[in-house]
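Sequence positions in the sequence shown follow the UniProt record's numbering and run 1 to 137.
Among the clues, some could well be false.
Said to hold, decoys possible - Pairs of lysine to any residue, SDA-like flavour, derived with a Cα cap of 20 Å: (1) 89 to 73; (2) 84 to 107; (3) 92 to 111; (4) 92 to 134; (5) 84 to 111; (6) 84 to 97; (7) 93 to 62.
Hints are computed from structural coordinates only; laboratory data are not their basis.
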Amino acid sequence: MVMSTSLRRCGRRLVFSVFNNREFSTACQGSKVIQQHEQLQETGKSLNLCSAINQALHIALETDPRSYVFGEDVSFGGVFRCTKGLAEKFGKKRVFNTPLCEQGIVGFGIGLAAMDNRAIAEIQFADYIFPAFDQDC
Numbered sequence: 001m002v003m004s005t006s007l008r009r010c011g012r013r014l015v016f017s018v019f020n021n022r023e024f025s026t027a028c029q030g031s032k033v034i035q036q037h038e039q040l041q042e043t044g045k046s047l048n049l050c051s052a053i054n055q056a057l058h059i060a061l062e063t064d065p066r067s068y069v070f071g072e073d074v075s076f077g078g079v080f081r082c083t084k085g086l087a088e089k090f091g092k093k094r095v096f097n098t099p100l101c102e103q104g105i106v107g108f109g110i111g112l113a114a115m116d117n118r119a120i121a122e123i124q125f126a127d128y129i130f131p132a133f134d135q136d137c
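Start from the sequences and build out the full structure, keeping to the hints where you can.
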């Protein structure tokens, strides 16, 4: 898939352009994602990074029934509020909290992916990901 990304330094505006209709996964409707993207472009609305992440998670959960969002405090929006509204809209079975254990979060994501699901794991702070790298090796 050809995708161009540009990030303006001053405006902090993130713009994504999708040039073809290739499906993102076997279970999602790529054309629906492209339609939503085109509608957003027509409004000319700029987003901050947190809002862009939240919208991307909404699209992922809407278009792919095999996608799951999990991590520390994600069911009520997370520490940065990037997952706000997901649990209410998609249910506690697809958006749920995990224990405070980054190794467990990453290991669970690997298990979900091995079972042909789309794992979206949230690690709150980048400093905490290093112990979880052991799960990837």
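These are the hints, each one checked on the structure:
no., hint, result
1, 89 to 73, "holds (16 Å)"
2, 84 to 107, "violated (24 Å)"
3, 92 to 111, "holds (19 Å)"
4, 92 to 134, "violated (28 Å)"
5, 84 to 111, "violated (25 Å)"
6, 84 to 97, "holds (13 Å)"
7, 93 to 62, "holds (14 Å)"
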